[in-house]
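S.K.: Chain residues, written in single-letter form:
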Amino acid sequence: MKIEFEPEIERAIKYIEEKISLPRWQIILALEGSKEFKKKIPRKILKGAVQEVEKDHSEPIEMIMLRARFGQAGAITSRVQKVHHRHPTFLEKLGDATVKPLTGLPIAAGILWGMFKLFITVAGFITDGLMVPFFEGPYDNFIRGSVEKIFPHGFVHDMLIGAPGTGYLESFGLLTTGIFVPIGIVLPAVLVFYIILTLLEDVGYLPRLAVLVDTVFHRIGLHGYSIVPVILSFGCNVPGVMAARILTTDKQRFMMLTLLGISIPCMAQTAVVLNIIGPFGLLWVGLIYLILMGIFVSMGSLLNKILKGETPEIAIEIPPYRLPRISNLLMKTRLRIEQFLLGAIPWVFVGIFIVNILYSLHATDFLSKILGPILGRWLGLPQEAIYSLVVGFLRKDVATGLLAPLLDKGIMDLYQVITVVAMLAIYFPCAATFAVFLKELGVKDTLKSTALMLAVALGVGGLLHLIFGLIS
Amino acid sequence: MRILLMGNPNVGKSVVFNRLTGIKVIISNYPGTTVEFLEGSMIIDNKKVKIIDAPGTYSLIPSDRAEEAAAHLLMREPTDLVINVVDATNLERNLYLTLQLKELTLPMVLDLNMIDVARERGIEIDTPDLEQALGIPVIPSVAVSGEGIKKLRELIVKILRGNRIENRV
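Respectively, the protein sequence lines represent chains Y and F. The numbering of the first sequence is numbering that gives the first Met the number 0, which starts it at 0 and goes up by one. The numbering of the second sequence is numbering that gives the first Met the number 0, which starts it at 0 and goes up by one.
For the record, the hints were derived by calculation from the structure and aren't laboratory data. A portion of the hints provided could be inaccurate.
In silico lysine-lysine, DSSO-like type, Cα no more than 30 Å apart, as pairs [claimed, not checked]:
{"id": "1", "chain 1": "F", "residue 1": "Lys-49", "chain 2": "Y", "residue 2": "Lys-81"}
{"id": "2", "chain 1": "F", "residue 1": "Lys-49", "chain 2": "Y", "residue 2": "Lys-438"}
{"id": "3", "chain 1": "Y", "residue 1": "Lys-81", "chain 2": "F", "residue 2": "Lys-149"}
{"id": "4", "chain 1": "Y", "residue 1": "Lys-34", "chain 2": "F", "residue 2": "Lys-23"}
{"id": "5", "chain 1": "Y", "residue 1": "Lys-438", "chain 2": "F", "residue 2": "Lys-149"}
{"id": "6", "chain 1": "Y", "residue 1": "Lys-307", "chain 2": "Y", "residue 2": "Lys-438"}
Which stretches of chain F does chain Y cover? Using the computed rule of at least three CB atoms under 8 Å from a CB of chain Y, they are [to be verified]:
{"id": "7", "region": "35 to 45"}
{"id": "8", "region": "76 to 85"}
{"id": "9", "region": "131 to 145"}
{"id": "10", "region": "148 to 158"}
This one's a predicted model, so the numbers in the text were calculated from it and none came from an experiment. The beta carbon of each residue, even a glycine, is placed where N, CA and C say it ideally should be.
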């Protein structure tokens with residue numbers, strides 16, 4: 000069955016068909032507003048065709064076509080579909096309650112708080128209760144024994160299991176820290192985070208959260224739906240950046256990516272931060288997040304004012320609540336864990352390899368000559384912090400891990416560590432994320448975005464140094 | 000041979016893709032989960048048939064990058080069959096894209112997905128009548144549980160075989 004438009008539109012289509020040879024579907028898409036197919040029709044012919052239709056309806060042809068199409072869809076629907084009345088179900092009532100601000104905001108706060116508690120408890124238990132005993136016990140005996148038999152000391156020994164007498168996080172050997180950080184610390188956090196995220200995703204909560212935060216995001220030129228890339232980025236910036244494709248304009252995408260790069264630390268970094276700073280109290284960890292969120296909002300409104308371009312409204316669809324399926328939960332978690340292991344471990348190894356090379360070359364002497372003034376005077380950091388900032392270009396978890404021995408040995412105090420942790424989150428995305436930036440933004444905008452990140456990192460680092468100097 | 004899965008966001012295209020190809024993909028309950036296309040294959044008569052899961056789109060006139068990708072997939076390369084996955088609980092809105100797709104006069108199948116939810120909500124759809132109105136085969140399905148997928152696969156095989164014979168003539 001051929002679906003016909005009303006006579007005026009059909010006449011317009013015919014008018015074009017007679018003048019140039021173009022398939023009917025391309026003509027129709029051109030009339031519906033497709034830039035690509037509009038180009039195929041000489042402007043004069045297109046104008047001649049639509050003139051009469053537009054005059055008749057007194058609105059642009061795209062709108063007329065839209066109405067015509069929905070007319071067709073509506074006609075078919077009312078012909079084939081019957082809707083019986085029925086009362087709203089529990090899930091539907093719950094659905095309404097979670098988007099209305101009065102009930103929705105407390106529910107959102109409750110859900111997010113509950114999820115956070117669950118995350119801290121379970122991930123903490125896996126790392127401290129299972130992973131640490133395993134790595135410090137049987138794993139250590141086996142690895143240390145095997146390596147020391149073949150390489151009793153020297154560069155290879157240190158490269159594989161670190162300098163003698165150092166703990167798992169501090170040793171910076173490929174087989175000690177290189178395995179312990181991704182598997183022992185980061186993996187439990189990633190695993191628990193993704194299970195929680197999957198539940199929220201599959202139930203259908205994220206779009207509702209988007210509605211609740213819409214007003215706030217619009218103030219900084221973004222759309223409530225940006226909460227989806229933000230939440231995904233807390234897991235890993237790579238899928239977060241990809242999800243930003245739902246934003247419609249170049250301005251919004253540039254802003255979103257830059258903000259993600261600047262102020263959303265990934266789970267790999269969070270896990271190590273919790274491990275190092277957690278023992279001093281969760282409030283300190285909270286402070287880092289508070290700083291980053293503050294930057295998110297202020298940078299957002301600043302960029303929104305400076306950058307040219309539109310920030311249009313997007314209509315989003317709120318799916319119904321659905322009960323999550325265990326099979327999908329398992330499949331998705333497995334997929335994400337696989338992606339994490341394949342994506343993370345090679346970079347962790349590269350990072351640790353570079354640290355060892357830098358150590359053995361005594362690179363601090365050289366690097367601190369160049370970076371010394373900025374590092375010391377502006378940021379108030381010891382030259383040992385250089386390693387961390389260099390490796391941070393590759394991986395945030397390894398870079399953050401490098402701070403642990405400095406804190407232990409008293410080379411850096413807690414304030415300085417917090418400054419570096421915040422700067423690590425801000426100044427550059429990790430290597431994997433940088434690659435996705437290039438793909439999504441192109442070289443020019445990626446460089447612009449990166450320059451912004453570096454500038455903000457230096458600004459924030461200096462400011463923190465100033466503030467911490469005043470209070471300590 | 001190339002099959003393209005097209006449809007509005009969050010109607011279950013990726014679930015259908017997973018059911019047809021066995022490839023594990025990220026599936027969530029929100030629009031915009033798939034922003035890049037996914038490619039897989041199924042074997043028909045010992046031949047590999049490419050199946051592509053396009054990002055969700057409301058219209059062939061794209062308004063964001065994901066929709067652009069979907070429109071490109073449809074128009075850049077020859078397609079032997081379009082499987083238009085439709086949310087049975089939002090028929091009217093979904094049919095907008097269906098009607099646009101139909102203009103392209105490619106072989107096409109309508110997968111009327113989430114038919115269970117539609118039934119629960121008291122929505123009754125006359126499938127034979129819908130087939131007649133659109134002039135294409137319609138298969139009701141519940142992709143998450145696998146209902147209707149066997150029929151869909153049989154239909155795909157039938158259409159692609161017919162297609163091949165036509166090509167030879």
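S.K.: Hints first: check each against the structure and report whether it holds.
M.R.: Each hint tested on the structure:
no.	hint	in the structure
1	Lys-49(F) x Lys-81(Y)	violated, 37 Å
2	Lys-49(F) x Lys-438(Y)	holds, 25 Å
3	Lys-81(Y) x Lys-149(F)	holds, 27 Å
4	Lys-34(Y) x Lys-23(F)	violated, 35 Å
5	Lys-438(Y) x Lys-149(F)	violated, 38 Å
6	Lys-307(Y) x Lys-438(Y)	holds, 22 Å
7	35 to 45	violated (count 1)
8	76 to 85	violated (count 0)
9	131 to 145	holds (count 5)
10	148 to 158	violated (count 0)
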